[in-house]
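Colleague: Letter by letter, the chains look like this.
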Amino acid sequence: MDSCLGIITTGDIDFNFGVLCNHRPVYMLPFGGRYRLVDFAISNMVNHNLSTIALYTGEKINSTMDHLGNGEPWDLNRRFSGLFLFAPMVEKDQGIPLGDISQFCSTEEFFNRVKEENILVRHPNYLAKVNLTEAYKYFIDSEADITLIYHKSKDTEGKLVNCNKMYLDEESNLIDIGINLGTEETFNHFIRMAFLKKDVFLRLVKESREKGDPKFLIDAISQYRGKLKINAYEFKGHVESIKDLKSYYDANLNLLKEDVSKEVFYEGGQVFTKTKDEPSTYYTDESNVENSLVANGCIIKGKVENSIIFRGVKVGENAIVKNSIIMQKTQIQDGAIVVNSIIDKSATISEKVNIAGSSAMPYIVERYRHITND
Amino acid sequence: MDSCLGIITTGDIDFNFGVLCNHRPVYMLPFGGRYRLVDFAISNMVNHNLSTIALYTGEKINSTMDHLGNGEPWDLNRRFSGLFLFAPMVEKDQGIPLGDISQFCSTEEFFNRVKEENILVRHPNYLAKVNLTEAYKYFIDSEADITLIYHKSKDTEGKLVNCNKMYLDEESNLIDIGINLGTEETFNHFIRMAFLKKDVFLRLVKESREKGDPKFLIDAISQYRGKLKINAYEFKGHVESIKDLKSYYDANLNLLKEDVSKEVFYEGGQVFTKTKDEPSTYYTDESNVENSLVANGCIIKGKVENSIIFRGVKVGENAIVKNSIIMQKTQIQDGAIVVNSIIDKSATISEKVNIAGSSAMPYIVERYRHITND
Amino acid sequence: MDDKVVAMLLAGGQGSRLKTLTSKIAKPAVPFGGKYRIIDYALSNATNSGIRDIGILTQYKPFLLNSHIGIGSSWDFDRTFGGLKILPPFTSEDGGRWYTGTANAIYENIDFIDNLAPEYVLILSGDHIYKMNYQHLLDVHKENNANVTISVLEVPWEDTSRFGIINVDRDKRIIEFEEKPENAKNNMASMGIYMFNWKDLREYLIKDNEDENSSNDFGKNILPKMLDDGKRMYAWVFEDYWKDVGTIRSYWEANMDLLDEKNTLNLYDRDWRIYTKNKNLPPQHIAKNSIIKNSLVNEACDVKGEVKNSVLFSNIVIEKDAKINNSVILSNCVIRSGAEVNNAVILEDITIEVGSKIGTKNDDNIYLVSDEGILIE
Amino acid sequence: MDDKVVAMLLAGGQGSRLKTLTSKIAKPAVPFGGKYRIIDYALSNATNSGIRDIGILTQYKPFLLNSHIGIGSSWDFDRTFGGLKILPPFTSEDGGRWYTGTANAIYENIDFIDNLAPEYVLILSGDHIYKMNYQHLLDVHKENNANVTISVLEVPWEDTSRFGIINVDRDKRIIEFEEKPENAKNNMASMGIYMFNWKDLREYLIKDNEDENSSNDFGKNILPKMLDDGKRMYAWVFEDYWKDVGTIRSYWEANMDLLDEKNTLNLYDRDWRIYTKNKNLPPQHIAKNSIIKNSLVNEACDVKGEVKNSVLFSNIVIEKDAKINNSVILSNCVIRSGAEVNNAVILEDITIEVGSKIGTKNDDNIYLVSDEGILIE
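Residue numbers (our numbering), protein chains in the order written: chain F, 7 to 380; chain S, 7 to 380; chain Y, 20 to 396; chain Z, 20 to 396.
These aren't lab readings, by the way, just hints derived from the structure by calculation. Just so it is clear, CB atoms sit at the ideal spot from N, CA and C, and this is done for glycine as well. One should not assume that every hint holds.
Said to hold, decoys possible - Only part of the chain Y face toward chain Z is listed, based on derived beta-carbon distances under 8 Å:
id	residue
1	Pro81
2	Phe82
3	Phe109
Stated by the list, open to error - Take a look, some chain Y residues computed to stay more than 10 Å from chain F by CB distance:
id	residue
4	Gly101
5	His155
6	Asn164
For reference, chain F alone in the conformation it holds in the complex (with noise of 0.2 Å):
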């Protein structure tokens, strides 16, 4: 895959995610007791060795350069590749305009510099660990313009209604892409990552920013269907749609699953997310832990279960955390009870107190809060 550029493009969903998004862009959710959530998709590129990587970066640059960097735990601290951030470039007078075409074209200079000849773009919120590799093979076997990478995802429930429908003949090339409205239990699901010849995209790019419109790459993608080559590769494993609250609660509950955390943290190459030196954790004689997955450096001396627990989090005797995320040091204090809740960094949830969600809405903590029964 040496020819290959990896972008990861960023959509503007943050207010779906209420106070967990008010410093941070989606990408950088926590997720799974140790990573954020543009850990998976960086990790899964470099592990289909791709050496170049584009970050669109979200308005919130911050905390993208403290957690990303130089790259150097995805190895892409490289002198002659590697990571590249683009923070959104603001024009005169009318902030930041809408949509990813213009963040391309501001950054064209880059794509004529860099030698690799196809892109593989993606959506972060999107969680999937594709075999990059095969699908590369089918989009340059296939010598499609685009090849499009879709899910046949069944959906019950209505979870996945607004996501993008796809139709295709049976050469797996595509008729149509629209929205999923749910009139099918199972469709096929574009989870929102293409590999595209490098021309093309900085066509479809400039072609839809001369015009004004499509502001977004996939609508422009969808505008040249009939025009170009395009195909779709399916894939067939764990997928995960991430786009508020509860599908971002679901998510993370979902890797007690034993099948879904094999493939999510072991199967296919490991994920690699900026390290902290913390120490094992360590259960006391009173602790009692169980179906939950737990980070490093935590003292757990109460009652865990069905949850994920973040590094260096604290849990007090006799406390209970149920159904919960618990994200980076935040402490349960001695006898508190937290139930179907999401508790953002660094708050407390002082002795005794008692916070419960439900299953179809979690509760929200914001980071550095101290809760108290005051």
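With chain F fixed as given, assemble chains S, Y and Z onto it according to the hints.
Modeller: Structure of chains S, Y and Z alone, referenced to chain F:
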């Protein structure tokens, strides 16, 4: 200086530099053949063992990230300290607020986290190779809350009008600080560099933010005279205040004076910058170079006089470059004549084209431009 | 640190009393405490003490140690100027020379130290587990205007015959060395941590090298010689946790010590972290109906059985109905269903088969399990 | 590269014919071309060819080489996984062993290569100046389904007795080796660059190590043995610039070659850069009334005199009225006013005093100037 944090804060004066600052903040202006302005501030601090340095970036952040990246050229790619970049925090519906006070406020967490108890604040558009170890010792020994660094500047030509002028008592305590209008030839020129106790810094910043005014730290300091122990340390070396095109041009050409280049480049520590792996510069049999600074990777076939030549520049046969600044990878083709000009990077001056500015106002060519006779 | 200190870390030890634990690696590379290697303690102490330049003297089976240390980035030693250098033996016109003793290893690298031009040289060993701020040692060294300052600690009287014992006057100035004395006058033992003025050390290294009868050792040659010459030599008493894991039993004990919440070797102290090469593994998974009590568990473990009073390294599978007690299990082991493991140290990549049993809950033995079988100590 | 290649770079050579140039450093560390060291060519070729893993075999006076290479970041080899490793000799239970020959150096590091699990191993030498895309060598190797492919080049017939000569059939399959033959059948010489299948090489290294009569050398032992066994061995002809700077004269010549604009070792080729440890020095200053013609000048030079047909390294002062002709001047030299230097190689940190004169414009000698005086060749 283990206990001193370095802060580089940036002014809002991009518009004084015309096309040179269309795509970069002032502190990213190329300087001295292979550097950027900000390199001098960072290197000076590193040479005096400051190990945590924060740069408040301009809005056009991409060139900053590319150049400073992880801080490697300054050995600031550290795990537990090193270089921190803070992009301007955008306020909802209001854009970026005026002044550096609000930016310091938005990163209060950083100041709380670092161990250092004192702060050196400086502006990168003031070039001054201060012996910071000595100045810091003065600040500590005099038990001041704030020590301002100044230079006894002589200005007969009015070049320093509108710079900050200070009045001091015999013990170098601050009496007043204002604007130089040129009423005296020699005055105490505050070079926008100061040591502050961290708690004093945080108090100034927070109180000013609450009152809504002043917007800039320097104005806040001036308002607190009398209330705090504020004294001054005299810097006796070479100062450049780069505030517009003309002062930028002059500051570059001043490097052709042997005593200036000795001080700026050699004495009191090296200047570090991102390296480029250019080979040595090659001079042909026909070349004719006098009184110029030439960086590596150039091929000089023509005549170069009183000029600053950046890395990878080509000067063609019979071409003439005089009193000019030629930036990275620009080509001056055969027979072209360039006098009193600043040519930004990767431009091309075609064969036999003549361009010339005046010494009072150099002629500017934007980056990537191709200047022909047609 | 204000004055320049270069640390020289002796990491060539074979550690043969650790048996199969050191059959493929040097003692400093032995895994410890759930995720570390022994050398991490000395390296992290150096970083946390503000030391910027460190030379690692290697000789015996250095592969794993080299790849563990890498470019030193885990300890923030990957500097453009100075930083960490691994210093193996080398050849010159006169042919190659292996390091013949602790002092000789430093002697052969005089050029390395001269290049860094330090005021002080700190000699460390990569064999011990402790947390120490070397800045304190330097402060005392400077206060005393000493030529050398040795870090010492109180050992049980019955152990004095295993150590280099140091006798001092009331100002802690050293008046006598006793190398493994049968009847010690004192129970203050040298920890093998020396702060030298480089000028002094340099001179004595050169003299020592010229002496054909010398065994080129700090404890046996350099230090006694300096004492004979009336140099100012001081002791500094260290009072925190320190362990030389010289045997399998002491190795097992030191790991078990970590389970004691009152142990001063507090791994959770954020102001004095122990750094190590990070493997970037996923979180541990604790299954339904599993039991974990008083144990340290590292990343990528999958616990479905019972774990009590034990230290689990990374990527270990404890199957359903397996029972682990009072044991140290190194990375990548699998304990199959129904197996029972007591008082054991299990080396990397071992599978304990279904239903097998090692030790009993109350016996006094330590079992070292490697692919060469089980050693009982 | 698609298939995994590990490069092993032999950098232990003493290079004694280079006299004072190598009195303190190994030959691969000798400065060359205004800002490089000889080993930069092989290292940069490896990086530019897409090789990710490289082992550097050192033995002789490795200090400067070690600090030059550092963590390999100049060549982008400072990787978290794999990357560059310096491989000095080491000890095991059986005691220490120095590398006894080129093949033995690789044999002793079989574990290192096995860990990386490559398909191919590329043997390189750090002694030569050339630009080569090793991918081409691999392509030919794979096309021929070869066990080993050797890079060869045409040498003048009169020089054949100094080289290992390789005789091939019309398909470039090797049929005979002649080690420094008096009457060569051919003028194709081995460049000491071998692409092996690791499986094959591994087998032969082990066999060779068991053979007590072997001198453990690729050219003398491993390759002839493989030929005897009927292995598929091919030659690949390299047709660009290549120089083994074995003597002071050839060293001087190779530097002078760079001043020829038609030289194919184009330093300005941005697609095949030569990387080196960067010193971060200021630009060069060319003063009023100075003269520079047909010369390469590096950073931080201050030229006030006359420089013609010369290569100036960094931080050199040429005072007013000093004259430099046809010379190579290494870093940090000062040529005082009125001095004249012709056909010289001046080592680092030398000052040529006021009015002194080395060589004459038309003589045929090369003058090697070091702090031990002037050697004439």
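Colleague: Hint validation: Phe82/Y versus chain Z, beta carbon distance must be below 8 Å. Holds or violated?
Modeller: For Phe82/Y, the interface hint holds, since the closest Cβ of chain Z sits about 6 Å away, which is under 8 Å.
Colleague: A cut-off of 10 Å on Cβ-Cβ distance, and Asn164/Y was said to be off the interface with chain F. Does that hold?
Modeller: Holds, because the least Cβ-Cβ distance between Asn164/Y and chain F comes to about 37 Å, which exceeds 10 Å.
Colleague: Using the nearest Cβ pair, does Pro81/Y come within less than 8 Å of chain Z?
Modeller: Hint on Pro81/Y: holds, closest Cβ of chain Z at ~5 Å, below 8 Å.
Colleague: Hold the hint about Phe109/Y up to the distance rule: shortest CB distance to chain Z must be less than 8 Å.
Modeller: holds, 5 Å
Colleague: So is His155/Y really clear of chain F, every C-beta pair being over 10 Å apart?
Modeller: Label holds. Min Cβ-Cβ 23 Å, cutoff 10 Å.
Colleague: Would Gly101/Y pass as off the interface with chain F, using Cβ distances and a cut of 10 Å?
Modeller: Given a closest Cβ separation of 20 Å, the condition holds.
Hint compliance for this structure: every hint is met.
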